[in-house]
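**Q** Take a look at the letters that make up each chain.
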Amino acid sequence: MMLRLDKRDFKKFLEDLMEEFDLYAPASLVEGVSVFKKIDNPEEVNLTPTLTQKPAKETFFPQSEPMFNYKTEGHKSQMKSLDEIKRERILLGARPCDIEAISIIEKVFLSEPYTDVYFLEKRKKTTLIGLGCNQPLSTCFCTSAGGGPFLRMGSDIFLIDLGGAYSVELLTEKGRLFGKNRFLKEALPEDKRQIKELEKRAFEKIGVSIPVDGIEKRLDLMTESSFWDRVHEKCVGCRICTYLCPTCHCFDIVDEGDHARGQRVRNWDSCLSSLYSLETSGHNPRPTTRERVRQRLMHKFNYFPKIFNRVACVGCGRCIQYCPVHFDIRQAIIWTSSKRPSELKT
Amino acid sequence: MKNPYLPIPMVVKKAYVETTDQMLRTLELVFLNKTDEEAFQYLPGQFCELSVLGKGEAPFGIASSPTEKSSLKFTINKAGVVTTALHHLEEGDEVGLRGPLGNHYPIDLFEGKNVLIIGGGFAFTTLRSLVVYLSHPENRSKVKEITIIYGARMPGLLLYKEELAQWEKRDDLNLVVTVDWGDKDWKGKVGLVPNVLEEIAPSSKDTYAVICGPPIMIKFTFPKLMALKFPNERIYTSLERRMKCGIGKCGRCNIGHLYVCKDGPVFSYAQLEKLPKDY
Amino acid sequence: MDERLKKIQEKIREKSKELLSKKRVDLIIGFSNWTLPLRTTPVFIRTPEGTESLIWNSFCENNLATYIHKFNRFRVGIVVKGCDARSLTALSLEKRFNPDGIFLIGVPCQRMVDRRKVARAVKGEIIRVEERGEELLVEGEEFKTVLEKRDFLYPSCQVCIHRTPSQAHFLADDPVEEFPLVETHPEVDVFEKKPPEERWRYFESETSRCIRCYACRQVCPMCYCTECFVECLRPKWIEGGLNPQDLQFYHIVRAYHQTGRCSGCGACERACPMDIPLTYLTQKLNQDVKELFGFEVGLDSKTPPPLSTYEVEDKGDFIK
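Chains as they are written, first to last, in the numbering used here: chain V, -5 to 340; chain X, 23 to 301; chain G, 96 to 415.
Honestly, the hints are just simulated from the structure, not real lab data.
None of the hints are false.
With a cut-off of at most 30 angstroms between alpha-carbon atoms, the simulated DSBU-like pairs for lysine-lysine come out as follows:
1. K165(G) - K118(G)
2. K239(G) - K190(V)
3. K165(G) - K299(X)
4. K101(V) - K296(X)
5. K190(V) - K179(V)
6. K100(X) - K331(G)
7. K24(X) - K119(V)
8. K70(V) - K331(G)
9. K65(V) - K35(X)
10. K218(G) - K199(V)
11. K31(V) - K118(V)
12. K183(X) - K211(X)
13. K101(V) - K299(X)
14. K300(V) - K299(X)
15. K218(G) - K239(G)
16. K212(G) - K32(V)
17. K35(X) - K70(V)
18. K56(X) - K70(V)
19. K65(V) - K100(X)
20. K36(X) - K70(V)
21. K74(V) - K36(X)
Quick list of the computed label-pair ranges, beta carbon to beta carbon:
22. D43(X) - V24(V): 52 to 58 angstroms
23. P60(V) - Y297(G): 26 to 32 angstroms
24. D43(X) - K211(V): 48 to 54 angstroms
25. E60(X) - E180(V): 58 to 64 angstroms
26. Q340(G) - I238(X): 42 to 48 angstroms
27. Q340(G) - S105(V): 32 to 38 angstroms
Under 8 angstroms between C-beta atoms, here's a sample of chain V residues computed to sit facing chain G:
28. L23
29. E25
30. V27
31. Q47
32. K48
33. K228
34. V230
35. R233
36. I234
37. D246
38. N261
39. P318
Note that CB positions come from ideal geometry on N, CA and C, so glycine has one too.
Chain V with its partners taken away, still in its complex shape (with noise of 0.2 angstroms):
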């Protein structure tokens, strides 16, 4: 079903939406800064960017989650896992790749014989309004990672900027819960039209030049390349890649408190900080930027789709804007696909 919103409209119907729902969505914290968090006042909502940092995937999997409480008095330890979610959720304004990311880490939460209870239980009770793309970034190659700026796939309902109103899909049971909202409107007849326009746009903006189909089976033949031996080179090993990047989902535990009283807690991880795999004994199966950078590429490309059949990134080109010695993932892609590792640079 396809509706409209205006956008004078737009702080009321989300006040609508605040009334029965707790709302999550993209929101500054300083200029040129934005991450998606839980909003208290409609005005903090801010879709402008095309990008936030930090991926949507935090609404599902925080950065910093305690899994339950503990208490120790005498020999007895009692623990408590964390209350589920009373009030259902609405994640608004993440873009098809994050959206897609959220339904890969899903894949890897859900999958049996273990039940991520923690992922899952806010999974089903939110509901996912996506945002289209009209302004893909230079660095978006989502067309090439299986995506595109205007995938409805994950997405409950979906959102596209129309200048002055947003055009509204409902495109699942959940999103059309949402059909009675009183702002929203019949459609016009020539939102349809724009639509396909600003698809078009985007699209040819974007373009699919970036050899992510096949790259597994071209990585089969690779772990023990050259390739390998030059790309990691100028990695300083900081995480930023690992945790702005949507569909990355490693975490440590730990436990916050003393043995009478506190929490478990997970924490994101990063495959390529050097102590992720370190062993207590000493003994790190991978020692080196080469083996971690390796890893970060492989489990991507490689190991991920031989288990779920997809490869563990959309495209949002996150990793390459912030890389602070710009590493750009396209090329790396771009390389093994190519027979000249003396030209490799990344």
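Once you have looked at the hints, place chains X and G on chain V.
**A** Below, chains X and G alone, put in the same frame as chain V:
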């Protein structure tokens, strides 16, 4: 829905130091709740995450065998924060447990075959489980010969000494215990595991080899097994990796597309051969 | 392209080519253009022909000294600005590498342009940029504008005095004049004028954005501890989550560990994906060290940093 991250409560029934260096301590744990006990079904080679609240969790191979109903046994090498805390537990203390996790030794494949078990140092824990399991009256007839080569640096560092003495006496187990350096009371073999293997040269015909030990031992033992013509498909090992969740979610312990916690810890060499060499 | 920068670039290439041809070094660490405008990338060149990709412009913002830890077993030629060279001097005092194995290709620095500030000055994504003397020509799909470089320099570069890497084995241009554009680091200036509570509020609010990616630590040549205090488990100093106290603790200790060691290159701040100002802390400490001890980082290769040494005659006054 069951929360796979929530430990179940266990109680320390018995705790004792195994080795003269005091670094290896065995904990015998019993279930606090009957329902947990009934739900806990395992096979040799599987592991558990043990938690000490406030310190964290770490993975340990189960050293007891499912044929021993009284308790679960873990032998813990004191190395880091969690293992040190586990060394300080006393009888009656509570400890958290998640498991059983991971796969097990391919016991089905062993049926009607010989089994060669090679262990070194404190990695002998899950091999003990395997020996106890296979030599149990219910299972002994399922496999043919069982040969065990177990080595430690010094006699005082051998695990499960009383049991070794009992196994020694059994005529349905060929046990060879060796140490790198003997002492005045040591009457057994002196020599490194790979050399002892070469010396006793067990036939690879109809035989599965299971090998667990420090990386250096594995490195030198493997060629000896090759020389004895063990095919990669019939050599199994149990890998250790830094782990957190133990259920294939947190990343970290993968080797290639396989996760040591979920797809392992037991792998055949035929499997490992195909993976990148970061282990 | 700017004439002076072009000349420097030629010199860098020439020298690198010579060093590699004569096998004086195993590799050259320098800068190269890459996929985004307003950016460059570190490159590791091993062949004389490869030196053609070396470049020089006002976006060579990385401190390449940080790679010395990774390549300290090789003979390396490194392209350095004044600040980068001072980091290396400080590192040589800490015996982090063999000074004989390193060749510094020094560039008297024109001060680096703050790419984020430029990006904020225009509406839309920048797709092309060109340097013309004191100006930047910035283009997007729907705009084309000229900016004064001077208005878009990194804070650490505005305050920089020792822009000529006088320690270098080779200088790609004549030394530049030793003067800061502004006397005090602009953020230190603002910060110092605030009353203490407000200072704290500012610090608190800025560090609250930290995502613990440790990019500030990883890009810093002076942060090379095998085990950083944030990751030390015995004892555990700090939790791994986003608790405000932990974030503050991390940033305070990180800054303090730099006292008398920080060359003021600003790499930490540039690396931060969350735009957290970081150099006002280290610059303030540098200022204090200069006032209290008359010491500036990396000016000579003999004087150890004041906080890393002591003499029996030291008076304790400064501690009071």
